[in-house]
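*Asks:* Chain by chain, the residues:
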Amino acid sequence: MAALVIAEHDNLSLKAATLNAVAAALQCSSEVDILVCGHNTDVVAQAASQIAGARKVLQVEAPSLADQLAEPLAAQILSLASQYTHILAPATANGKNVLPRVAAKLDVAQLSDVTKVISPDTFERPIYAGNAIATVQSGDSLKVITVRTTGFDPVLATGGTAVIEKLAADVVASNSSSSSFVGRELTKSDRPELTAAKIIVSGGRGLGSGDKYQELIVPLADTLGAALGASRAAVDAGYVSNDYQVGQTGKIVAPQLYVAVGISGAIQHLAGMKDSKVIVAINKDPEAPIFSVADYGLVADLFAAVPELTKALA
Amino acid sequence: MKILVAVKRVVDYNVKVRVKSDNSGVDIANVKMSMNPFDEIAVEEAVRLKEAGIATEVVAVSAGPSQCQETLRTALAIGADRAILVESNAELQPLAVAKILKSLVDKEQAQIMILGKQAIDDDSNQTGQMLAALLDIPQATFASKLVVADGKASVTREVDGGLETIAISIPAVITTDLRLNEPRYVTLPNIMKAKKKTLEIIKPEDLGIDIAPRLKTIKVEEPPKRSAGVMVADVAALVEKLKNEAKVI
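Going down the list, the sequences are from chains Y and L. In this text, residue positions in the first sequence follow the working numbering: the first is 1, and each later residue adds one. In this text, residue positions in the second sequence follow the working numbering: the first is 1, and each later residue adds one.
The set of hints was computed from the structure by calculation and includes no laboratory data. Check before you lean on any hint, since a few could be wrong.
As the list claims (entries may be wrong) - One-sided and incomplete, this derived list gives chain L residues near chain Y with beta-carbon spacing under 10 Å:
#1 ASP136
#2 ALA167
#3 LYS197
#4 GLU200
#5 ILE201
To be verified - Taking lysine-lysine and the DSS-like style, the derived pairs with C-alpha atoms no more than 30 Å apart in a straight line are:
#6 L:LYS216 to L:LYS32
#7 Y:LYS274 to L:LYS216
#8 L:LYS16 to Y:LYS284
#9 L:LYS247 to L:LYS20
#10 Y:LYS284 to L:LYS243
#11 L:LYS107 to Y:LYS105
#12 Y:LYS105 to L:LYS216
#13 Y:LYS277 to Y:LYS116
#14 L:LYS50 to L:LYS196
#15 L:LYS195 to L:LYS50
#16 Y:LYS116 to L:LYS219
#17 Y:LYS105 to L:LYS225
#18 L:LYS145 to Y:LYS212
#19 L:LYS241 to Y:LYS277
#20 L:LYS225 to Y:LYS274
#21 Y:LYS212 to Y:LYS105
#22 L:LYS241 to Y:LYS311
#23 Y:LYS212 to Y:LYS166
#24 L:LYS225 to L:LYS196
#25 L:LYS247 to Y:LYS311
#26 L:LYS247 to Y:LYS284
#27 Y:LYS274 to L:LYS2
#28 Y:LYS166 to Y:LYS56
#29 Y:LYS212 to Y:LYS188
#30 L:LYS32 to L:LYS219
#31 L:LYS203 to Y:LYS105
#32 Y:LYS277 to L:LYS20
#33 L:LYS225 to L:LYS243
#34 Y:LYS311 to L:LYS216
#35 L:LYS152 to L:LYS203
#36 L:LYS203 to Y:LYS198
#37 Y:LYS56 to Y:LYS116
Ideal placement from N, C-alpha and C gives every residue a C-beta, glycine not left out.
This is chain Y alone, in the form it adopts within the complex:
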């Protein structure tokens, strides 16, 4: 039977995380459909139909689905669930929010943050902040899975020829009024998205203030064309907003190059970035745990070293 992937999008564009989830889905089943739930999503559905390996795109339109609220979205997914053996979503804030709701309604377990498909019923997933990898087998007839995007190389975004099938929104779903969307404060940025960036520059508590983050980290990221990240300590201290956080409970990233500045390397932070291809650490403390995972470590005063690095790369 087939697998269903819940597309990650904001009604305007299809997010790259969908491609990693499709890659995982294709390892579970050769027939992969993509569900686009939202409002005015024609562009998204078009983009989804181009994804290499997709069989068909199911497009469901309703104003109540515009904001990806868990209640109507889960109802929509449930109305299609009986046709599938696997339901997958990228482990984004949306995916993590809605899929357990789907799983519980179906009375099946969910497999969270899957990093490897061993067989259609057996998967690897990290536990204890990635300090152990569990191989788990599901005994349920339907597998509900969130996909850790760094575990799967994305499929191609083009070359596919999936047909788009428009479905009517589930009536109960569109009448749901128990939950409503009020507003959004998204960080505006022209930079690459953190989870899809090839280079990330992250700052930690060692910077001492939000001003120093702006003064040192931002120019270095600009020079490298990098996305901006931060440790939990830096976010908690208010240097930058929550969506910058890399770590066990923040974003999981695996760029080509990760530059950690003034980050000591707590277990929780390492959990979010240790799969990066090349890690650079700049820290004044030679004993900092970040050096145990860094490919290149520089023990230096970051207030001098970072501007020097920015200049050298410009």
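With the hints as your guide, set chain L onto chain Y.
*Replies:* For chain L alone, kept in the frame of chain Y given last:
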């Protein structure tokens, strides 16, 4: 309005766990155990709602072995009014815990359920959403701000691009993110007081729920080790390595 807050006993966040040599799991014998940090935030939020006069009673619940009583005593010391332990030595997976919590919510007629967004041992991030589904009520996950008024909860959530705010009707399930509050330090007088509060112990069988695990753990392994690299002397050496050795810039 009654609040039910769920707490889990987990390996302390400062402990670096080791995988057992037979690959059956991680070794948690003689390891420091604590309340899951997100659950501590959940208890604090519930107690603040009571202190603000919005909640009338805070009931802390846990499911697991007998030692979870210690975790519940911590919740009582933070300020919960009473506690319930659903005692079981079996492996409890998120769906089973959600079923246990649902039956307690039904029994207690609680209006707001506050849970941590994820436990730092299995990192599942499921139980709150599952509880909301089983109760068929709204959910607000990853909360960084909660305002309860007029039978509604306004919840600011930490999402991928920043923050979003939703309004949900009560009863509802809320899961906490890191920045919702900073839990208070538990004082000695409050620890003493907590010892006198009611802690009821029941069995899953008493609730008539199927708690059988759905996922079978086949093995648990160490992640591939990342070997430590080299230390460079200065910025010039770093740039040279990145350009010519790693070839990433």
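*Asks:* Taking the hints in turn, state whether each one holds.
*Replies:* Now the hints, each set against the structure:
At a threshold of 10 Å, the smallest CB-CB gap from ASP136 (chain L) to chain Y is about 9 Å, leaving the interface hint in force. Annotation: interface hint on ALA167 (chain L) holds; nearest CB of chain Y at approximately 5 Å, less than 10 Å. Because the smallest distance between the Cβ of LYS197 (chain L) and any Cβ of chain Y comes to about 30 Å, over 10 Å, the interface hint for this residue is violated. Look at GLU200 (chain L): its Cβ only gets to about 26 Å from chain Y, farther than 10 Å, so that hint breaks.
Here the hint on ILE201 (chain L) is broken, as its CB sits about 26 Å from the closest CB of chain Y, past 10 Å. Between LYS216 (chain L) and LYS32 (chain L), the direct Cα distance comes to roughly 26 Å. Compliance with the 30 Å bound is thereby established for this hinted pair. Distance hint between LYS274 (chain Y) and LYS216 (chain L) is fulfilled; the C-alpha atoms sit about 27 Å from each other, no more than 30 Å. Between the alpha carbons of LYS16 (chain L) and LYS284 (chain Y) the distance comes to roughly 24 Å, so the proposed pair stays at or under 30 Å and holds.
A hinted pair counts as satisfied when its Cα atoms are at most 30 Å apart, and LYS247 (chain L) with LYS20 (chain L) does not qualify at roughly 38 Å. Of the supplied pair hints, the one linking LYS284 (chain Y) and LYS243 (chain L) holds, its CA atoms being roughly 23 Å apart against a limit of 30 Å. With a C-alpha separation of about 21 Å, the suggested pair LYS107 (chain L) and LYS105 (chain Y) falls inside the 30 Å cut-off, and the hint holds. Of the supplied pair hints, the one linking LYS105 (chain Y) and LYS216 (chain L) holds, its CA atoms being roughly 21 Å apart against a limit of 30 Å.
Distance check on the hinted pair: LYS277 (chain Y) and LYS116 (chain Y) sit about 18 Å apart at the alpha-carbon level, within 30 Å; holds. Our distance criterion of 30 Å between C-alpha atoms is met by LYS50 (chain L) and LYS196 (chain L), whose separation comes to about 19 Å. Between the alpha carbons of LYS195 (chain L) and LYS50 (chain L) the distance comes to roughly 20 Å, so the proposed pair stays at or under 30 Å and holds. For the hint pairing LYS116 (chain Y) with LYS219 (chain L), the CA-to-CA distance comes to about 14 Å; that is within 30 Å, so the pair holds.
For the proposed pair LYS105 (chain Y) and LYS225 (chain L), the alpha carbon gap of about 39 Å is over 30 Å, so the pair is violated. This hinted pair checks out: LYS145 (chain L) and LYS212 (chain Y) have alpha carbons roughly 27 Å apart, not beyond 30 Å. A threshold of 30 Å between alpha carbons decides the hint, and for LYS241 (chain L) with LYS277 (chain Y) the separation of about 14 Å falls inside it, so the pair holds. Annotation: proposed proximity of LYS225 (chain L) to LYS274 (chain Y) holds, straight-line Cα distance about 10 Å (limit 30 Å).
Distance check on the hinted pair: LYS212 (chain Y) and LYS105 (chain Y) sit about 48 Å apart at the alpha-carbon level, beyond 30 Å; violated. For a cut-off of 30 Å, the pair hint linking LYS241 (chain L) to LYS311 (chain Y) stands: about 16 Å separates their Cα positions. With a C-alpha separation of about 50 Å, the suggested pairing of LYS212 (chain Y) with LYS166 (chain Y) is violated against the 30 Å cut-off. Among the hinted pairs, LYS225 (chain L) with LYS196 (chain L) is inconsistent with the structure: their alpha-carbon atoms are about 48 Å apart, more than 30 Å.
A C-alpha spacing of about 19 Å is found between LYS247 (chain L) and LYS311 (chain Y), which places the hinted pair at or below 30 Å, so the restraint holds. Taken as a hint, the LYS247 (chain L) and LYS284 (chain Y) pair is honoured in the structure, with Cα atoms around 25 Å apart against an allowance of 30 Å. Between LYS274 (chain Y) and LYS2 (chain L) the alpha-carbon distance is near 43 Å, which puts this suggested pair outside the 30 Å criterion. Note on LYS166 (chain Y) and LYS56 (chain Y): the hinted pairing holds, with a Cα-Cα distance of about 10 Å set against a maximum of 30 Å.
Between the alpha carbons of LYS212 (chain Y) and LYS188 (chain Y) the distance comes to roughly 20 Å, so the proposed pair stays at or under 30 Å and holds. With a CA separation close to 23 Å, the supplied pair LYS32 (chain L) and LYS219 (chain L) stays within the 30 Å bound. Using a Cα cut-off of 30 Å, the hinted pair LYS203 (chain L) and LYS105 (chain Y) holds, with the two alpha carbons roughly 24 Å apart. For the suggested pair LYS277 (chain Y) and LYS20 (chain L), the alpha carbons sit about 28 Å apart, so the restraint of at most 30 Å is met.
For the hint linking LYS225 (chain L) to LYS243 (chain L), the alpha-carbon distance of about 25 Å falls within 30 Å, and the restraint holds. Our distance criterion of 30 Å between C-alpha atoms is broken by LYS311 (chain Y) and LYS216 (chain L), whose separation comes to about 53 Å. Between LYS152 (chain L) and LYS203 (chain L), the direct Cα distance comes to roughly 33 Å. Violation of the 30 Å bound is thereby established for this hinted pair. Proposed proximity of LYS203 (chain L) and LYS198 (chain Y) is contradicted: the alpha carbons are some 51 Å apart, above 30 Å.
Between the alpha carbons of LYS56 (chain Y) and LYS116 (chain Y) the distance comes to roughly 24 Å, so the proposed pair stays at or under 30 Å and holds.
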